[in-house]
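Engineer: So the chains spell out like this:
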Amino acid sequence: MIFGSGIIRGMFVTLKNFATSYFRKPDEGGLFTVEYPEKRIPLKERFRSFPFLVYDGTPENLRCTACDICARECPPKCIYVVRAADQDGRPLRRPAAFTIDYSVCMNCGMCEEVCPFDSIFMDHEFEIASQDRYRELVYTLTKLLKSNEYFNNIRPRDAQAVDKKRREAEEKKKLAAAQAAKPKLDEPPKPV
Amino acid sequence: MIIPLGHILIFAAALFVIGIYGTLVRRNIIGILLSIELILNAANVNLVAFSRSTSLEPATGQIFAIFVITLAAATAVVGLAIVLALFRTRKTILTDEMDLLKW
Amino acid sequence: MEYLDQLFVFAKRLMLDLLARFLPDWIVLVASMVISIVAILIFAPLTMMYLTLLERKVVGRIQNRIGPNRVGKFGLLQPIADGIKMLTKEDIVPFQADPVLHFLAPVIIVMPALLIFAVIPFGRGMTAVDLNIGILYFIAVSSISTIAIFMASWGSRNKFSLLGGMRTVAQMISYEVPMVLSVVPVILVAETLSTNAIIEAQSAGWFVWTPWGLAGFLIFFLCAVAECNRSPFDIPEAESEIVAGFHTEYSGIKFALFYMAEFISVFAVSALAVTLFLGGWKGPWLPSWLWFLLKAYALIGVMFWFRGTLPRFRVDQLMGLAWKFLLPLALINIFVVGFWYFSPGLWKWVGSLGILGPSFWIFTKLNRSYVPENRVYRLAEDENNETVGA
Amino acid sequence: MGAISTNNRVGSAILHGRNCVPTLKDVMAFLETLIKIAVYAVMAVTIVAAIGVVTLHNLFHSALALVGVLLGIAGVYLALQADFLAGIQVLIYVGAVMTLVIYAIMLTQRLGDKNIPQTNRQGFAAAIVTLLLLYLLIGTVCRTPWLANPPARHIPASALDLGQALMTTYVFPFEAISVILIAALIGAIVIAKKEREP
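Protein sequences, first through last, are from chains A, B, C and D.
The numbering of the first sequence is our numbering, which starts it at 1 and goes up by one.
The numbering of the second sequence is our numbering, which starts it at 1 and goes up by one.
The numbering of the third sequence is our numbering, which starts it at 1 and goes up by one.
The numbering of the fourth sequence is our numbering, which starts it at 1 and goes up by one.
There could be a bad hint or two in this list.
[Stated by the list, open to error] So the derived list for chain B, only partly shown, Cβ under 10 Å to chain D, looks like this:
(1) Gly19
(2) Phe50
(3) Ser51
(4) Ala59
(5) Ala72
(6) Leu86
(7) Leu100
Simulated from the structure, these hints should not be mistaken for lab results.
Idealized CB from N, CA, C, for every residue including glycine.
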């Protein structure tokens, strides 16, 4: 094995790589870097950037019930929920304020997993750089709310699964409600 | 020859004298070594100037100059080795701080 | 073809005739010197700028990325953007630094890089000044840059730059010796030191096709890469170990000068390698200066190729290669060229290959880096010393 | 190159006559005044640099002044048409010896050295003696008629003649020098080496 043969073999590896980089397609070893702002690599569906809240139809009937589970679960503790109360102080199942500090959020997606009401999901929007860390990167409720259609087109599979599940729950509830209303008609009165 | 011999000799004499002044005045051994290099170079300039002006053998002057240059390199090597050894033992290379033969 | 080949020579003569009409004749000759100087001063920075771009493109392609292509059509304006950035950046002089040394170092490091161009034959009749001690001039001038590196490292009063400076000078000195010795065979065969005559001597056949020529070329090229502190030998500017070697404390225009000196000496040294071993501007069809540029850029391409492939040498491997491999091989090479010069016909090839081959093999054997074959593992023993968890 | 008669258009004659690269000798022969001024300037700069070597406070600066002196002297050799010697001078002195000297300066530079005086007290006396010596030397140089018979057309010793002279008439000193260099090399290593603790 003469002195330079290791070096020469290494050199030919890079030469081959250099020469074929002009012909190979990106996926089989070609140039996979793209010119970022103009061309973009399509994001995979399960790409997690920052959490957002989903509403159906209008931003008023949002799914979040301010149950505070996600705030408790969040490892860096960057979610802050205040439960709304109606005029005489009884708590409502809606958040009065829901802020996420995006500069602290580490995109782990725990909130999405633990949310029982399918209201918080991970977004694909990662270009949120801003001048001021405190005012602009702390997202309040209005900035966090996004429609279900948006959720469907960025993560179609998950969104459809969630919608199907909600629809079934809807029917089951309607069925149950219907049954609860019907028994007064045909069931013999229970012996008291 | 465009430069008259006299001018070059005066130039070499000036260099020589500056070298001598340097060796007499400097406290630092390496400073003295630098001045000695000056003196050797002044001698070289004279050698080349004379070899050029007499028509005997033009190459002799330059041969001697080459020998002087190589010897100067050798002296510089050994001189600096001594300086380093001195610095390691005495922590100083100022001549007037080690003027005792035995201490 | 003759016109294309002598394009620049005719252009210069045209300009001089224009001047000769209304200027006294000695000014015309001064003008001829000034024209070649100005030509070099335009050519050198231009090559430097576009070598930086070429390097980033080539190394990028090797690593499956495109390299700069935002500024200008294919990134062609990138060097200008770099230049402007370098010029506008603030030039910080460290507080403890020695202002004289810190300022003079970049100036003195660019000087030898440009001075070498005076001796390079760019084409037929296109040497700036035909010194009859051409090669000695090149070696002498390229040894001045060690002083500049000392000034840079000592002047910036910073441990990293001093370390880098010491390493650079040690490397440049130990690679200058084999470089000078690898040039000696060419001088012996061409019987002259002047670069033009060396190219004439190669009109029969390039020196690189002879065994001693090939060995000499490889030694010269490796030492040239080391002399410019490039790719496998770039210990002094090793970003990982010592921040940026001797030019850590430099920014703005001074750093640009260091950067320029490195790339100009890359071109100058590969131009010399072409002149000495690859027949300079000799070549069948294309005009002479195009041949010269093609060969020089091919060698520079190889340097960039090195950069894209080879990892950095350790300091002891670096010194070991110079003193224990290149130097003995260069000495043997001088002996072989003597043998080649005086032996007739086929004996030339048999004899020289017979000497060079085995000596190459012997030196590789001697330089086998010591790696113990079976590594002895001593596992932790407890008191009654059977191995824990064996 | 044939004597160039000055009456014809010398500029174009030089350029059309041969390939237009003006070799060193043509330029020198033709522009003597310019060269003379340049050489005297180089000599003056060298003298100033030599004074710098002797008087500069910071040792590193005086080493750099010496580099200037050596380059100036290489220029003077070029003026004396000893170009091989100029190359050797730059290569050996500036390339090797000065690097060595600067290494030594770096290794022996102590931080406190800035403010201690670099010259001993015999500065004034030494100055008088050296000026006297200079006066003596210049006096002899000016009075003696040097050139009894100046050579008609001096043929400069090219690298070829030097090589032949070295290899033929001066072979013995050439070999002696190589022995001295080896001895100096080994001696320097032995002296400078740290004593290895047993």
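Engineer: List, from low to high, the hint numbers that the structure doesn't satisfy.
Structural biologist: The structure conflicts with hint 7 only, although it agrees with all the remaining ones.
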